[in-house]
Amino acid sequence: MKNLLILGAGTAGTIMAHKLRHRLPAGSWRVRVVDEAAEHFYQPGFLFLPFGLYTERDVVRPKRRLLPRGVEFVQAAVDRIEPERHRVRLADGVELPYDVLIIATGTTPVPGQVEGMVDGDWRRRVHEFYTYEGAQALREALRDWRGGRLVVHVSEMPIKCPVAPLEFAFLADWWLTERGLRDRTELVYVTPLPGAFTKPIASQVLSGLLERKRIGVIPDFAVARVDNDRHALVSWDERQVPYDLLVTVPPNLGAEMIERSGLGDEMNYVPTDRHTLQARGHENIFVIGDATDVPTSKAGSVAHFEAEVLTENVLAQVRGQPPPARFDGHANCFIESGFGKGFLLDFNYRLEPVPGRFPFPRLGPLALLGESRLNHWGKLAFKWIYWHWLLRGRPIPFVDHQMSLAGKQIPEGALKAGAFG
Amino acid sequence: MPQKVIAGQIVEVDAEGYLSRPEQWNRALAEALAGVLNLQLTDAHWKVIEFLQRDYRERGAVPGMRRLNKVGGFATKDLYALFPDGPIKKAALIAGLPKPASCV
Numbered sequence: 001m002k003n004l005l006i007l008g009a010g011t012a013g014t015i016m017a018h019k020l021r022h023r024l025p026a027g028s029w030r031v032r033v034v035d036e037a038a039e040h041f042y043q044p045g046f047l048f049l050p051f052g053l054y055t056e057r058d059v060v061r062p063k064r065r066l067l068p069r070g071v072e073f074v075q076a077a078v079d080r081i082e083p084e085r086h087r088v089r090l091a092d093g094v095e096l097p098y099d100v101l102i103i104a105t106g107t108t109p110v111p112g113q114v115e116g117m118v119d120g121d122w123r124r125r126v127h128e129f130y131t132y133e134g135a136q137a138l139r140e141a142l143r144d145w146r147g148g149r150l151v152v153h154v155s156e157m158p159i160k161c162p163v164a165p166l167e168f169a170f171l172a173d174w175w176l177t178e179r180g181l182r183d184r185t186e187l188v189y190v191t192p193l194p195g196a197f198t199k200p201i202a203s204q205v206l207s208g209l210l211e212r213k214r215i216g217v218i219p220d221f222a223v224a225r226v227d228n229d230r231h232a233l234v235s236w237d238e239r240q241v242p243y244d245l246l247v248t249v250p251p252n253l254g255a256e257m258i259e260r261s262g263l264g265d266e267m268n269y270v271p272t273d274r275h276t277l278q279a280r281g282h283e284n285i286f287v288i289g290d291a292t293d294v295p296t297s298k299a300g301s302v303a304h305f306e307a308e309v310l311t312e313n314v315l316a317q318v319r320g321q322p323p324p325a326r327f328d329g330h331a332n333c334f335i336e337s338g339f340g341k342g343f344l345l346d347f348n349y350r351l352e353p354v355p356g357r358f359p360f361p362r363l364g365p366l367a368l369l370g371e372s373r374l375n376h377w378g379k380l381a382f383k384w385i386y387w388h389w390l391l392r393g394r395p396i397p398f399v400d401h402q403m404s405l406a407g408k409q410i411p412e413g414a415l416k417a418g419a420f421g
Numbered sequence: 001m002p003q004k005v006i007a008g009q010i011v012e013v014d015a016e017g018y019l020s021r022p023e024q025w026n027r028a029l030a031e032a033l034a035g036v037l038n039l040q041l042t043d044a045h046w047k048v049i050e051f052l053q054r055d056y057r058e059r060g061a062v063p064g065m066r067r068l069n070k071v072g073g074f075a076t077k078d079l080y081a082l083f084p085d086g087p088i089k090k091a092a093l094i095a096g097l098p099k100p101a102s103c104v
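Those protein sequence lines, which keep their order, are chains A and B.
Numbering (the numbering used here) for the first sequence: 1 to 421.
Numbering (the numbering used here) for the second sequence: 1 to 104.
For the record, the hints were derived by calculation from the structure and aren't laboratory data.
Hints should not be assumed to be uniformly reliable.
[As the list claims (entries may be wrong)] Okay, derived cross-link-like pairs now, DSS-like style, lysine-lysine, Cα gap no bigger than 27 Å in a straight line:
| no. | chain 1 | residue 1 | chain 2 | residue 2 |
| --- | --- | --- | --- | --- |
| 1 | A | LYS160 | B | LYS70 |
| 2 | A | LYS379 | A | LYS160 |
| 3 | A | LYS160 | A | LYS416 |
| 4 | A | LYS341 | A | LYS383 |
| 5 | B | LYS4 | A | LYS416 |
| 6 | A | LYS63 | A | LYS383 |
[As the list claims (entries may be wrong)] What follows is a set of in silico ranges between Cβ atoms, one per label pair, in the way DEER data are often shown:
| no. | chain 1 | residue 1 | chain 2 | residue 2 | range |
| --- | --- | --- | --- | --- | --- |
| 7 | B | GLU12 | A | ARG61 | 45 to 53 Å |
| 8 | A | ALA38 | B | ARG21 | 46 to 54 Å |
| 9 | B | VAL5 | A | GLY52 | 52 to 60 Å |
| 10 | A | VAL217 | B | ASN38 | 44 to 52 Å |
| 11 | B | GLU16 | A | VAL60 | 40 to 48 Å |
| 12 | B | GLU16 | A | ALA26 | 54 to 62 Å |
| 13 | A | GLU186 | B | ALA7 | 38 to 46 Å |
| 14 | A | ILE410 | B | VAL71 | 31 to 39 Å |
| 15 | B | VAL5 | A | PRO219 | 22 to 30 Å |
| 16 | B | VAL71 | A | ASP229 | 27 to 35 Å |
| 17 | A | VAL217 | B | GLY17 | 16 to 24 Å |
| 18 | A | ASP244 | B | GLY17 | 34 to 42 Å |
| 19 | B | ASN38 | A | GLY148 | 45 to 53 Å |
Glycine included, every Cβ here is placed at the ideal spot set by N, Cα and C.
With the hints as constraints, model all of the structure from the sequences given.
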């Protein structure tokens, strides 16, 4: 009996369990998935929890129930991977051998990485919405909000779902307006990057959006610490941003287990071939989703597209062949912009987000890099697609893992050639 | 693509002055780009620039502050002293790399 071992039963791990269980013979391959947590969260829904748009029922399911028949769920913490011995040691000492290993252990916010972030103001004036508990606590804080200075903040890049903090600011603008609190609230967006929009085409198309929404932007802000006495963010160059309510995105790091295994970079992400998704230097270890260091977004859509590539490459590895499939960095993200509207982005390693129609040229019906009501409905519909379609490893109709150029308005010179494509 | 003459050389740049074609980069150009930012490049600047270029070649992305600290061995304070008001974006521009960016 051969062993396929998947570490992590989040979006990426669950999809891979479905895809490979169907393609590997049950008589000769045992498929096991290891995860410490019992609950699977629909993480895009965390954005909606603080505003009362979603509740627990929308975002939580038992992990075990989301895995297919014929896959064993091992609920346990991993101590480390031992690549030389082709086995994984669990925290309780049990050893699990593998012929092929898939690392899908994701990324986690670690607020303790910023001095002062988890001190007195934490979960009182300082909040985050990247965990279930955090999003719930933030809902309570917003319920008591009567006005003041609301600061939305990104600590450092990369983060999971890079557009989520901007979406939070847009939704806060809408929610405060609905409640009659917008005029009493100063909304500020603080980023370590040179601006809220950083890609040339998006910056041009979306310029003025934040001004129109009266959201102030403080760019190039590298946070050194949170001053709990003064209720202020302080940067390395000693700038201060005071807050009455701070909604921060803490630094994101890969699993500590990756570090213990000697497989990670400085953020515990696994150096991964950006096309084959093989861990560098380890033929029978593959990496998918937020756990990799590939230069595209850390997002569920990326894991979904990577899964198509990874399935072919794992099956080739099993047959003793080199990996045939190549991942192009494809990501597809809805951005909520408030007041029942949204944007849609579709991009990859070679092409930044551009305007156009999606998935069909001219017909759309969705608008790329343009605001529309249908994009907002697309984002809401996506929850059903996620639970019932995407997690089961089914392809989304008309949306291939390789990004299509059809329907996109590509300015001259925008499509990057070669090196990383 | 707008063209610009820098250090006697015609180069392609984007709206913010970042090189569109990294292969056009050379050391004389870097000195000139730094001059536009009122910086005089010292050995300490060059160490940062060379690290950014090496890391970008290997990983396809401009490194963040944590990577500059831990892998490059540069302290944040020192980086701000060398490249005031935004060390990574300034060093990237001088190094002929894209602006540090998110997905949009």
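Results of checking the hints against the structure:
no., hint, in the structure
1, A/LYS160 x B/LYS70, "holds (21 Å)"
2, A/LYS379 x A/LYS160, "holds (17 Å)"
3, A/LYS160 x A/LYS416, "holds (24 Å)"
4, A/LYS341 x A/LYS383, "holds (16 Å)"
5, B/LYS4 x A/LYS416, "holds (20 Å)"
6, A/LYS63 x A/LYS383, "holds (16 Å)"
7, B/GLU12 x A/ARG61: 45 to 53 Å, "holds (51 Å)"
8, A/ALA38 x B/ARG21: 46 to 54 Å, "holds (52 Å)"
9, B/VAL5 x A/GLY52: 52 to 60 Å, "holds (57 Å)"
10, A/VAL217 x B/ASN38: 44 to 52 Å, "violated (24 Å)"
11, B/GLU16 x A/VAL60: 40 to 48 Å, "holds (44 Å)"
12, B/GLU16 x A/ALA26: 54 to 62 Å, "holds (56 Å)"
13, A/GLU186 x B/ALA7: 38 to 46 Å, "holds (45 Å)"
14, A/ILE410 x B/VAL71: 31 to 39 Å, "holds (34 Å)"
15, B/VAL5 x A/PRO219: 22 to 30 Å, "holds (29 Å)"
16, B/VAL71 x A/ASP229: 27 to 35 Å, "holds (34 Å)"
17, A/VAL217 x B/GLY17: 16 to 24 Å, "holds (20 Å)"
18, A/ASP244 x B/GLY17: 34 to 42 Å, "holds (38 Å)"
19, B/ASN38 x A/GLY148: 45 to 53 Å, "violated (38 Å)"
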